[in-house]
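J.: First to last, the sequence lines map onto chains A and B. Going letter by letter, the first sequence gives residues 1 to 475 in our numbering. Going letter by letter, the second sequence gives residues 1001 to 1183 in our numbering.
Only true hints are included.
Here are the simulated SDA-like cross-link-like pairs (lysine to any residue), alpha carbons at most 20 Å apart as the crow flies:
1) A:K44 x A:F273
2) B:K1094 x A:H137
3) A:K127 x B:P1096
4) A:K366 x A:R49
Stretches of chain B that chain A covers, calculated by requiring three or more beta carbons in the stretch to come under 8 Å of a beta carbon on chain A:
5) 1055 to 1063
6) 1110 to 1121
Note that these hints are calculated values from the structure, not bench results. Positions of the beta carbon are idealized from the N, C-alpha and C atoms, including for glycine.
Letter by letter, the chains look like this.
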Amino acid sequence: MNRTITIEGVTRIEGHACITIQLDEAGKVADAQFHVTQFRGFEKFVEGRPLTEMPAIMARICGICPVSHLMASSKACDDLLAVEIPPNAARLRRIMNLAQLVQSHALSFFHLSSPDLIFGMDGDPAKRNIFGLIQDHPDFARDGIMLRKFGQDIIGLLGGKKIHPAWTVPGGVNAPLTQEHRDQIASMIPDALARALRAAEYFQRVRDCYPAEVDDFANFPTMFVGLVSADRLLEHYDGTLLFSDEHGAPVAELREPRGYASLIAEAVEKHSFLKSPYFRPRGYPHGIYRVGPLARLVLAEGCGTPLADRELDIFRQRLGRAPQSSFHYHWARLIEIIYGIEMLQRLLEHPDILSEHVRARARPNKLEGVGISEAPRGTLIHHYRIDENGLMRWANLIIATGNNNLAMNRGVLQVARRFVDGNRLQEGMLNRVEAVIRCFDPCLSCSTHALGQMPLRIELLTAQGEVCDALQRQD
Amino acid sequence: MRSKDKINRPIELDTLVIGYGNPMRGDDGAGPALAEQLSERLQPWGCGRVKCISCMQLTPELAGDIAAARRVVFVDASLDIAPGHVAIRRVTPKSPANNFSHHLSPGAMLYLCRRALNAEPDAWVVAIGVESMQIGDVLSLLAAKAVDRLARHLAYRLVRPRKPATQAHPSAQQGRRTKRQSL
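Between the sequences and the hints, there should be enough to build the whole structure, so can you do that?
T.: Printed below as a string of structure tokens:
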């Protein structure tokens, strides 16, 4: 009898999801799917609102990465106004975006994924969480807490609050950086950098303990997509959207954001509210690609900051230019934390960083605008159309997590085939199915524009599609 | 009262007030509203050793702020007490039974703070009785009044000059003890 396993809801991710694993007559995995089961529909209900409200409304998509939506939305609005924002406004936006990168990566690595690495994939589930870490590894847990606090504090200092700051606006930002806040942020950098380097050093010690996971955690060739700077270095705020093949060789690039639809198309699957973008020239589903920290490191020639570049050299010596296993997202995330902190320091030292010219004002000058930036988990696109009065007529959002949807689904199938035995179901098997999703650090609230917590359900289905076993976890 | 502080973390604050809840879910925003009102009330007094934080949820990184305080007050909305009423209770570190997702209880925050940062401030939970947590960004009348009353009371408690015990009337002393116990 064929059966299906359902994991509901997936734990230690951001949002609601469910995984189903279909077994064949012999109890082997025949198919697996990752379902995102929440929906809010921001694209629809913003219609009719003035474009000036867009950054503040779009930031409400998510309580985890509101800053990413602020950036992409503000850039789309800049395009609608047809303004070039003051250089210092761009610097300040970059600072906030990097702070977001650091705090989000710290949450993903320390709080959500590291319990698997420290206690093992088959470790006691009661311990595999941040409280288990605190119990047994308080120093390590402290580094995670303080790195996240570092990023959140910077966002709070710039935006007035840590969640949903209304500081980034169409045309720039609404207040300059004060000397006091610059000094305060600068004073936090040495401590944050030390913690980030300690985490990277720790990861060097554990990364070789998981050869099976490296082999089968979404380890297959895909394209990579992400922003790079004009000199092809790591970039998160603005630049060229680069598409590479599975070896990291560029196959296409997008300098003008409004042309994104010529390279990216979106498919919809019946089993999920999460859309499945793909590289249009290769078609669906062959145009599968990955975004996020691993993709960005594949695409960039270098980081452009000394300590991150040193770490990237080690990364490439060990893994080559285009590692295919998604297990390596963890390492890439740590390198980006180091980069983020170094780049923050560089931006704070810019001679014009206290300049008060931080906003360009204009009325709407175009009826269509697109903003592309890099969220911590990958490329984020906001595309708006307005009427002559500046009211929203239409919106389309392509979210980082959606960009990874095809890869996550294939990863779930791969890891389930390797680790799940339907005849002898064990918790550690199912944890690996969840852990492959955690590598991508999906934010399901963003990807379906829904408010989320994190329960996951795994269902075991018969060949006839009936649920014969289920494992459900609540947050 | 603090446990032995192995990492010698300096106490930077006398009082940390954390108001939490979702301001877009009606009265659930009572906690953040209280933190914001209190912050405004304290501003003219220059209370540098009092800090107010307004947030949606209690998240692990708040442990860093909590560890720097001598006393922490968590303010949340509650449907379990009569609308407009306020209940105050002491809270102690408590290991959470469930897996961590993103948000923690005050007891779990204190546990995290004690384990990771070796700090254990005095802690209180102030629950504001509310009547509705439906979608909307406006507090109900009862919740708004309770927030206003509580903000005034806390501001008074936090900024009033401390008089030597010998100068105070015995009945006033008694009254102050009672209030202090309730806060």
